[in-house]
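Enquirer: Heads up: the protein sequence lines correspond to chains A and B, in order. Heads up, the working numbering is the position in the first sequence plus 239, with the first residue counted as 1. Heads up, the working numbering is the position in the second sequence plus 9, with the first residue counted as 1.
Keep in mind the hints are simulated off the structure, nothing from the lab. Keep in mind that the hints are not guaranteed to be accurate.
Some but not every residue of chain B turned toward chain A, in silico, with C-beta under 8 Å [as the list claims (entries may be wrong)]: (1) Y46; (2) A64; (3) V76; (4) F97.
None of these values were measured; they are calculated from a predicted model. A virtual CB, placed ideally from N, CA and C, is assigned to each residue, including glycine.
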Amino acid sequence: MKLHELTIHEASDLLKKKEISSRELTKAVLDRIGSVEKKVEAYITIDAETAVKQAELADSEISRGNILPLTGIPVAVKDLICTNGLRTTCASKILKNFTPQYDAFVIKKLKKAGAVIVGKTNMDEFAMGSSTENSGMKTTRNPWDLTCIPGGSSGGSAAAVAADMCLGSLGSDTGGSIRQPASHCGVVGMKPTYGRVSRFGLVAFASSLDQIGPLAKDVLDCALLMNAIAGYDPADSTSVPEAVPDYTSFSSKGLSGMTIGIPKEYNETKGLDPEVSGAVKNAVRVIEGFGAKCVEVTLPHTKYAVAVYYVIAPSEASSNLARYDGVKYGFRDKEKNSLIDMYKSTRTKGFGPEVQRRIILGTYSLSSGYYDAYYKKASQVRTLIMKDFKNAFKSCDLILSPVAPTPAFKIGEKIDDPLAMYLSDIFTLSANLAGIPGISVPCGFSSTGLPIGLHLMGRHFEEKKILTAAYNFEQATDFHKQKAEI
Amino acid sequence: MKITKDEVVYTADLARLDLDENSINRFADQIGDILEYVDTLNSVDTEGITPTSHAIFLSNAFREDEVKESMSADKALANAPEKEDGNFIVPKVINS
Numbered sequence: 240m241k242l243h244e245l246t247i248h249e250a251s252d253l254l255k256k257k258e259i260s261s262r263e264l265t266k267a268v269l270d271r272i273g274s275v276e277k278k279v280e281a282y283i284t285i286d287a288e289t290a291v292k293q294a295e296l297a298d299s300e301i302s303r304g305n306i307l308p309l310t311g312i313p314v315a316v317k318d319l320i321c322t323n324g325l326r327t328t329c330a331s332k333i334l335k336n337f338t339p340q341y342d343a344f345v346i347k348k349l350k351k352a353g354a355v356i357v358g359k360t361n362m363d364e365f366a367m368g369s370s371t372e373n374s375g376m377k378t379t380r381n382p383w384d385l386t387c388i389p390g391g392s393s394g395g396s397a398a399a400v401a402a403d404m405c406l407g408s409l410g411s412d413t414g415g416s417i418r419q420p421a422s423h424c425g426v427v428g429m430k431p432t433y434g435r436v437s438r439f440g441l442v443a444f445a446s447s448l449d450q451i452g453p454l455a456k457d458v459l460d461c462a463l464l465m466n467a468i469a470g471y472d473p474a475d476s477t478s479v480p481e482a483v484p485d486y487t488s489f490s491s492k493g494l495s496g497m498t499i500g501i502p503k504e505y506n507e508t509k510g511l512d513p514e515v516s517g518a519v520k521n522a523v524r525v526i527e528g529f530g531a532k533c534v535e536v537t538l539p540h541t542k543y544a545v546a547v548y549y550v551i552a553p554s555e556a557s558s559n560l561a562r563y564d565g566v567k568y569g570f571r572d573k574e575k576n577s578l579i580d581m582y583k584s585t586r587t588k589g590f591g592p593e594v595q596r597r598i599i600l601g602t603y604s605l606s607s608g609y610y611d612a613y614y615k616k617a618s619q620v621r622t623l624i625m626k627d628f629k630n631a632f633k634s635c636d637l638i639l640s641p642v643a644p645t646p647a648f649k650i651g652e653k654i655d656d657p658l659a660m661y662l663s664d665i666f667t668l669s670a671n672l673a674g675i676p677g678i679s680v681p682c683g684f685s686s687t688g689l690p691i692g693l694h695l696m697g698r699h700f701e702e703k704k705i706l707t708a709a710y711n712f713e714q715a716t717d718f719h720k721q722k723a724e725i
Numbered sequence: 010m011k012i013t014k015d016e017v018v019y020t021a022d023l024a025r026l027d028l029d030e031n032s033i034n035r036f037a038d039q040i041g042d043i044l045e046y047v048d049t050l051n052s053v054d055t056e057g058i059t060p061t062s063h064a065i066f067l068s069n070a071f072r073e074d075e076v077k078e079s080m081s082a083d084k085a086l087a088n089a090p091e092k093e094d095g096n097f098i099v100p101k102v103i104n105s
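Turn these sequences into a full structure, and let the hints steer you where they fit.
Expert: Laid out in structure tokens, this is it:
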């Protein structure tokens with residue numbers, strides 16, 4: 240038995256029976272990181288010393304009979320979630336030496352649950368990207384094919400789970416940044432409902448779209464992580480005081496009575512890879528086999544989601560990223576001539592090209608004379624996208640689609656064409672615009688051995704229904720059990 | 010061209026970025042392409058549609074005005090690039 244290959248629930252069972260210790264488990268994960276990190280490059284910071292201490296603490300709790308589902312479980316955290324005393328860079332040179340003085344809400348929750356944080360994972364700078372190539376730190380590789388991207392922006396979190404360099408991880412999803420890398424790396428990834436998980440301590444990209452969520456080896460682990468991080472937080476004014484159910488108490492007794500909507504527009508998507516649509520069609524048959532009814536639904540404004548997103552997200556980002564001015568924290572350039580010159584040289588040297596591009600795009604969309612044509616127009620079409628979902632959910636419980644139009648592409652393939660990169664988020668963006676939850680579960684492999692993900696979206700706060708369908712689907716397949724050879 | 014080089018320079022200045030000639034040319038092309046794509050929104054009739062800025066219905070999140078523990082000045086200054094006597098230090102703002 241290789242300890243690093245265990246799922247969270249398997250490891251937790253063994254910890255409970257005292258067949259293994261968290262120290263052994265954590266050491267096994269750290270050894271695994273030591274042997275594959277050079278190839279995968281999933282981590283920006285590895286904190287072995289604290290991890291082992293946390294593991295020993297967990298072991299002493301377990302010996303006293305205090306064990307929660309995440310007690311002693313080694314997990315990884317995307318490097319834009321603040322960890323007290325542990326460097327948090329957002330994969331940006333501008334925050335290269337930033338050490339938070341407090342824990343994000345989700346980190347407090349993880350620590351309270353007894354989880355062991357092994358390190359901080361790579362990402363696109365400030366979560367802006369779909370390939371993790373926009374990282375200012377390093378290029379993460381897809382464990383299934385080291386010449387391919389892992390997806391993004393939570394590419395490090397997805398690759399770390401796929402390569403058994405942690406048992407589960409946290410990412411953030413603004414336009415697909417959990418679901419798309421989960422799909423490309425063959426793991427489970429969930430974007431919760433907007434407001435379900437507190438954003439306190441999550442470095443802001445686009446505040447009306449950002450949401451923290453789990454990446455995991457299977458659906459049960461995903462539900463366990465959801466149990467740990469969901470909940471109301473008065474420190475986040477967009478956090479919703481809605482009761483948190485037990486996400487793991489889903490039924491495995493089939494899906495009869497459940498209706499799954501399949502948007503007719505998705506089959507008309509340009510650039511949809513036939514292997515991806517084939518895998519998704521097979522998934523539909525499996526789900527129907529569990530007694531779910533599949534119906535056609537329509538989301539007529541979905542084709543505008545990319546255009547809406549790339550006005551709204553950069554607009555919010557341009558405002559959020561105004562705080563990086565070289566005064567309160569982060570990098571400051573040596574320029575001393577004047578305050579304005581210092582701001583400019585600090586920001587120009589500190590931000591990478593994609594971040595600068597989006598700041599300019601966002602500033603332009605919000606600027607006097609263009610606001611109505613861009614930001615206001617996009618916000619109105621956003622309303623129509625939300626209405627589409629509301630209408631579609633009148634005739635179905637969940638909506639099913641591919642996660643990404645193609646399997647993982649090659650490193651470097653789209654880096655010089657931002658618009659082509661943006662279009663790879665076509666199936667995931669609208670869930671963020673509408674604030675609804677979504678999951679990616681492994682549903683196949685391409686002929687070249689790259690994972691393909693199935694996307695299930697639900698109504699606001701109906702994560703449990705999504706997890707139930709995903710869990711049943713997983714029982715009939717073994718895609719999630721296959722391991723990348725690194 | 011959807012956005013001119015001058016507009017890129019002007020917008021960069023608003024955003025406190027200082028672009029070199031290379032970046033100006035590249036951004037004008039790339040942002041131009043993106044804005045052209047965004048123009049597909051013009052074909053949508055949005056007459057009378059209320060803009061959405063927030064996807065979840067929430068009324069104002071009020072709370073009691075209570076004194077609570079907050080971050081100490083030392084901690085708040087811990088990441089400052091330059092500090093002195095409990096203050097952030099910045100280059101001079103007003104020329105004498």
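Enquirer: Evaluate each hint against the coordinates.
Expert: Hints, verified against the model:
Checking Y46 of chain B against chain A: minimum C-beta separation of about 6 Å stays under 8 Å; hint holds. With a least beta-carbon distance of about 3 Å to chain A, the hint placing A64 of chain B at the interface is held under the 8 Å criterion. Restraint check, V76 of chain B versus chain A: the minimum CB separation of about 15 Å is more than 8 Å; hint violated. Annotation: F97 of chain B was flagged as interfacial toward chain A, and the flag holds, the nearest CB pair being 5 Å apart, inside 8 Å.
Violation of the numbered hints given earlier is confined to hint 3; every other hint is satisfied by the structure.
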